[in-house]
Amino acid sequence: GAVVSQHPSWVICKSGTSVKIECRSLDFQATTMFWYRQFPKQSLMLMATSNEGSKATYEQGVEKDKFLINHASLTLSTLTVTSAHPEDSSFYICSAPEGPYEQYFGPGTRLTVT
Amino acid sequence: GNSVTQMEGPVTLSEEAFLTINCTYTATGYPSLFWYVQYPGEGLQLLLKATKADDKGSNKGFEATYRKETTSFHLEKGSVQVSDSAVYFCALPTQQAGTALIFGKGTTLSVSS
Chain A
1 GAVVSQHPSW VICKSGTSVK IECRSLDFQA TTMFWYRQFP KQSLMLMATS NEGSKATYEQ
61 GVEKDKFLIN HASLTLSTLT VTSAHPEDSS FYICSAPEGP YEQYFGPGTR LTVT
Chain B
1001 GNSVTQMEGP VTLSEEAFLT INCTYTATGY PSLFWYVQYP GEGLQLLLKA TKADDKGSNK
1061 GFEATYRKET TSFHLEKGSV QVSDSAVYFC ALPTQQAGTA LIFGKGTTLS VSS
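Line by line, the protein sequences are chains A and B. For the first sequence, our numbering assigns the number 1 to the initial residue and increments by one for each residue that follows. For the second sequence, our numbering assigns the number 1001 to the initial residue and increments by one for each residue that follows.
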């Protein structure tokens, strides 16, 4: 099946700094990618839809100025957490659909803000 | 919009026991339904799916039948193994095929030998 990668898999940063997370579709093109957030022992919550060539669409309650999304190419979307705070510590997961029924998930990035 | 309600755990079973994890949904039309599994320290993996009513998805001994009459997609396995210990998520598209997924809250399964 198709593969979606994320980098880094784990990052620790200091409060107030920014962190960039990459999501790549390795063997297929994705005009759309999705970013989710998962808190410990909880479900995934959709944060935003990343669209190649246009602005991202954010879910209600997600600060677009804090979580910057750039869909730079048909295989790459990036999520930048700006001015990170400890409450931003979470597991961030991206996914990319291929066709009407398949959706491939990245392995996730664990962000810890100290 | 679409929504999903999933039985919350944790579920603790002995090896070879029968497993059922309940999942019900509300949706416009008949969207595809999915079960994903997340093993400790790993990302989400698609376990099985059903793309239309009355379809049965199956994989690795797990099964789920898309029942539109009861709007359910319960996950079952006849004989669980220790290696099945993981978190299981029921999911469906937010609106239509190809869009983001809505996930249930997840059910943690622990299987002991």
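The set of hints was computed from the structure by calculation and includes no laboratory data. On a predicted model such as this, the values are computed, not experimentally measured, just so you know. Cβ atoms here follow ideal geometry from the backbone N, Cα and C, with glycine treated the same way. Any given hint could turn out to be false.
[Said to hold, decoys possible] Calculated cross-link-like contacts (lysine to any residue; reagent style SDA-like; alpha-carbon spacing at most 20 Å):
#1 B:Lys1105 x A:Ser83
#2 B:Lys1105 x A:Ser43
#3 A:Lys41 x B:Glu1042
[As the list claims (entries may be wrong)] These stretches of chain B come out as covered by chain A in the derived footprint (C-beta under 8 Å, 3 or more residues):
#4 1052-1060
#5 1103-1109
Violated hints - listed by number, lowest first: 1 and 4
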